[in-house]
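*Asks:* Okay, here's what each chain looks like letter by letter:
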Amino acid sequence: MKVLKPTKVVEMIPDGATIMVGGFLGVGTPECFMDEIVKQKKKDLTVICNDSAFPDRGIGKLIVAKLVKKLITSHIGTNPETQRQMIEKELEVELVPQGTLAERIRAAGVGLGGVLTPTGVGTIVENGKQVIELNEKKYLLELPIHADFALIKAKRADYLGNLVYSLTARNFNPIMAMAANVVIAEVEEIVPIGAMTPDEVHTPNVLVNYVTVDGRR
Amino acid sequence: MDAKTLIAKRIALELKDGYLVNLGIGTPTLVANYTPKGVTVFFESENGIIGMGPVPQEGMENPDLVNASAGYVSALPGASCFDSTISFGLIRGGHLDVTVLGGLQVDEKGRLANWMIPGKMIPGMGGAMDLVTGAKRVIVSMTHTAKGKPKIVKECTLPITSIRPVDLVVTEMAVIEPTKDGLVLKEIAPGITIDDVLKNTEAHLIIPESVPVMKLE
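In the order they appear, the protein sequences are chains P and A.
8 is the number of the first residue of the first sequence in the numbering used here; add one for each residue after it.
2 is the number of the first residue of the second sequence in the numbering used here; add one for each residue after it.
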């Protein structure tokens with residue numbers, strides 16, 4: 008693990024990259040990376056995230072700055088700009104049920120070829136998907152979602168990159184930490200190695216490539 | 002009593018001791034205020050918490066501790082937080098006793114539509130599809146009509162949330178239970194007649210010999 012400034016982190020991300028961003032309505036989203044992406048105007052991004060938050064918060068900032076080409080998400084209801092861009096066909100949006108989104112990301116991170124879920128059977132979510140019947144119950148085959156970069160938020164890291172999340176800011180962060188080529192965590196503090204007990208660690212250090220300290224909080 | 006309070010009070014009577022409960026945004030959230038005396042339930046929120054408590058006092062908010070609408074909440078003693086796969090594992094895996102959700106339409110098969118109006122409003126399904134598919138009991142909290150048009154219809158014209166029928170529909174006029182034979186009028190609100198309900202319902206309703214007035218506490 009290396010400690011980097013947000014500027015350096017975002018310089019690694021090319022235009023057109025696929026990025027996963029942690030958070031639920033902005034809670035647990037690495038805001039300093041969002042601000043830096045807007046500053047560096049990284050374009051044509053494919054973004055995987057639970058929701059598009061609010062126009063002035065979290066992933067919403069990338070939408071407002073028109074940096075996103077495709078959004079894979081479960082909810083866009085709190086950001087009118089996302090809906091406007093989708094209706095005007097400026098932005099492609101793939102809506103995925105939240106539990107399915109979590110499992111598709113997890114599948115990518117844990118080496119599964121996909122997951123079978125009853126969620127979405129018989130609804131428009133089924134369109135274009137394989138339906139598999141097992142023990143007289145129907146399931147949709149949902150495929151893994153992998154990314155070039157995972158931008159996640161944790162409460163603290165140690166100097167090896169072990170991460171601890173805080174309360175409901177955990178959400179998608181630990182699963183995204185397993186599903187991308189490069190994993191970068193924004194944390195509030197870095198503590199010495201050994202300051203976390205093994206039981207305390209939520210994400211083991213081997214998954215984390217870079218850590219940035221956001222001192223704003 | 003206004004419509005929302007009446008609906009929330011009636012639904013609260015469905016809560017049983019020890020239940021794990023998910024409340025959707027809007028009116029369903031009010032149900033928590035009327036939990037019957039002597040009944041202890043655990044409120045869960047899909048962003049990753051069991052044991053959610055009331056809104057904290059001003060100044061005591063923790064930005065990492067929110068509900069699924071990003072509103073500040075508290076964590077009661079004994080609460081736990083977890084990631085999105087555990088959260089939706091609880092929901093999909095049959096560990097959630099009851100979910101209370103808003104609705105746009107419910108049809109004669111008991112199917113719910115509550116996540117989009119094509120061309121007009123596309124917030125996305127968020128967790129709704131998983132909740133309706135996986136919760137042990139699904140209760141719909143909604144107004145009986147929208148701008149004078151019935152919301153309890155023969156067949157949903159809006160995209161459905163799940164093929165799984167809901168278990169109970171509570172409106173400001175009636176309590177309706179979807180069964181294999183169709184929708185049964187179980188109770189009517191104080192001051193409402195069976196005729197009033199029929200006039201405001203498009204779907205066929207089965208009327209038992211006796212239809213009691215809703216109890217509210």
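Simulated from the structure, these hints should not be mistaken for laboratory data.
None of these values were measured; they are calculated from a predicted model.
Any given hint could turn out to be false.
Facing chain P, from chain A, some residues (calculated, C-beta under 10 Å) [stated by the list, open to error]: (1) E47; (2) M61; (3) N63; (4) D84; (5) I92; (6) M117; (7) V133.
Computed list of chain A residues with no C-beta within reach of chain P, every gap over 12 Å [what the hints assert, rightly or not]: (8) D65; (9) D131; (10) R138.
Derived DSS-like pairs (lysine-lysine); straight-line CA-CA distance at most 27 Å [claimed, not checked]: (11) P:K145 to A:K121; (12) P:K50 to P:K76; (13) A:K155 to P:K77.
From the three backbone atoms N, C-alpha and C, an ideal C-beta is built for every residue, glycine too.
*Asks:* Decide, hint by hint, whether the structure agrees.
*Replies:* Hints, one by one, checked against the model:
{"no.": "1", "hint": "E47", "result": "holds (7 Å)"}
{"no.": "2", "hint": "M61", "result": "violated (14 Å)"}
{"no.": "3", "hint": "N63", "result": "holds (7 Å)"}
{"no.": "4", "hint": "D84", "result": "holds (5 Å)"}
{"no.": "5", "hint": "I92", "result": "holds (6 Å)"}
{"no.": "6", "hint": "M117", "result": "holds (8 Å)"}
{"no.": "7", "hint": "V133", "result": "holds (9 Å)"}
{"no.": "8", "hint": "D65", "result": "violated (4 Å)"}
{"no.": "9", "hint": "D131", "result": "violated (4 Å)"}
{"no.": "10", "hint": "R138", "result": "holds (16 Å)"}
{"no.": "11", "hint": "P:K145 to A:K121", "result": "violated (31 Å)"}
{"no.": "12", "hint": "P:K50 to P:K76", "result": "holds (8 Å)"}
{"no.": "13", "hint": "A:K155 to P:K77", "result": "violated (37 Å)"}
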